[in-house]
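Place chain C on chain W using the hints.
The residues making up each chain are set out below.
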Amino acid sequence: MAKRLGVEVSIAVAEAAKQCNVDVISAYPITPQTHIVEHLSELVADGELDAEFIPVESEHTAMSTCVGASAAGARTFTATSSQGLALMVEILYIASALRLPVVMSMVNRALSGPISIWNDHCDLMLSRDTGWIQTVAENGQEAYDLIFHAYRVAEDHRVLLPVIVNLDGFTLSHVIEPIEYFDQAEVDSYLKPYVPAMRLDPKHPITMGPVGMPEVYTEARKAQEEAIKAARPVIAEAWQAFGDQFGRYYRAVESYQMDGAETVLITMGSIGETAMTAVDEMRSRGKKVGLLRIRLFRPFPVEELRKALKGVKRVGVIDRALPFGASGGPVAAEVRSALYHQTDRPFVYNYIAGLGGRDVTVENFEEMASELESLEKSELTEFYKIINVRE
Amino acid sequence: MAKETGAISWKELSLGTAILEPGSSSKLKTGDWRSMKPVTDRECCIKCGMCYIFCPDMVYSRDDEGYYVQNYYYCKGCGICAHECPKDCISMVEEGSNG
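Line by line, the protein sequences are chains W and C.
The first sequence begins at 1 in the numbering used here and counts up one residue at a time.
The second sequence begins at 1 in the numbering used here and counts up one residue at a time.
Next up, chain W with everything else stripped away, as it sits in the complex (with noise of 0.2 Å):
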């Protein structure tokens, strides 16, 4: 039987990792990402994880080393927060576009500047469009289980591409939480040896990653896109073979009080936990209010979006991510544009919070539900609004 310990999440994660039996680790230390990787580096040190971990002198590298481990066929694990994952995305790209199942725990924390440690969704944004699927944890116990679905996903022969897995820096990180750790056996039966569809072998040899020529740039990112959209059933068929056997069910979109639902909230990450808080005081209240979280963002869940919200009245986008000079939060942007073409279309309006660590609260919760009322009828002059920013 699987046990329930008292756990830092960060220690979680990197348990998770070692029960995936990773082969190679290659991580430079950030804040609030360091706890995952250095406690992996411990298990490794102490022989009790049989795999290379490779101490990098920057995240660039980082990336660089488990795209050439990948590519030598070895399952590879890496994590990182904010300015490592700026300063790593170049070789995003390239993990992506050779098709290599990497996977990386982003621990989720502001950009700078001004610089800042806490947390928000700036890093998860700058990687939006790298071709990584992404999944988002709510809580501990997430952040350990879509580990596994990870690696199921993405070594896939039907997907082959790499995947980060999500969670908020501090809020979740750095917390102790009640966590099921899995029984090895039980792992094992979910996950498979990685088998690669194809590696670097002196014995056959190959090219990875040559010049795209504008004859054959365009097909090569095609091919790419289908790639993450044939990813879809198989995120889903992953997530229920991880419930048939752990016993918890993960979807793409999260419901949560949706029955009748007028007025809905969608959220992406540990906020969410205190969204489902706000939407019981405000259903006891007799308040028509539900909410969505989105568990997968790339993909983008656009048809799982377009059903739950279905028949519903007015929208509340919150983006943890202020995208300068943009027409609103990136994925209240996505939400509009997934519901422009149905004919009966909710009013979606955004509110930016939640920056840098700055608290969301229960009230904050309400307030938006309130005003998403009365916005309906006013005339709109802006496509989203910072909430408890001071004048």
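Honestly, the hints are just simulated from the structure, not real lab data.
Here the structure is a predicted model, which is why all the values come from computation and not from measurement.
Warning: the hint list may mix true and false statements.
Unchecked claim - Okay, the calculated bits of chain W under chain C, using three or more residues with CB under 8 Å as the criterion:
hint	segment
1	97 to 106
2	202 to 213
Unchecked claim - The calculated label-pair distances, taken between Cβ atoms and stated as ranges, are:
hint	chain 1	residue 1	chain 2	residue 2	range
3	W	Glu-226	C	Thr-30	29 to 35 Å
4	W	Gln-240	C	Thr-30	30 to 36 Å
5	W	Ser-255	C	Thr-30	55 to 61 Å
6	W	Ser-327	C	Ile-19	38 to 44 Å
We put the CB at the ideal spot given by N, CA and C, even for glycine.
Showing chain C alone in chain W's frame:
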């Protein structure tokens, strides 16, 4: 529909656009965008082979008489051979001219 400009269907590309045939780059004519080409004056050439040594693209090879001759199929016209020739026997001439 405008004329098709892609070289191959996206469905036929190998995984990650990997090249599966070793040494296939020898089939690529990589010198077709050259604007200047090196021409050797055999009257003054001393067959030292400096052009062969310095050429970054293996354009030069030795013929039966011991001269080093260019394979323009791969020459990009960088001019390193002309610069390094100790007797100044190699001149860079405009592509398409009769030099």
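The hints, checked one at a time:
1. 97 to 106: With 4 residues closer than 8 Å to chain C, the segment 97 to 106 of chain W meets the three-residue bar; holds.
2. 202 to 213: Our answer is that it holds, as 8 residues pass the Cβ test (under 8 Å) against chain C, meeting three.
3. Glu-226(W) with Thr-30(C): 29 to 35 Å: With a Cβ separation near 30 Å, Glu-226(W) and Thr-30(C) satisfy 29 to 35 Å, so the hint holds.
4. Gln-240(W) with Thr-30(C): 30 to 36 Å: Because 50 Å falls outside the window, the suggested range is violated.
5. Ser-255(W) with Thr-30(C): 55 to 61 Å: Once the Cβ atoms are compared, 57 Å apart, the range 55 to 61 Å for Thr-30(C) and Ser-255(W) holds.
6. Ser-327(W) with Ile-19(C): 38 to 44 Å: At 41 Å between Cβs, range holds.
In the structure shown, a violation is registered for the earlier hint numbered 4 alone.
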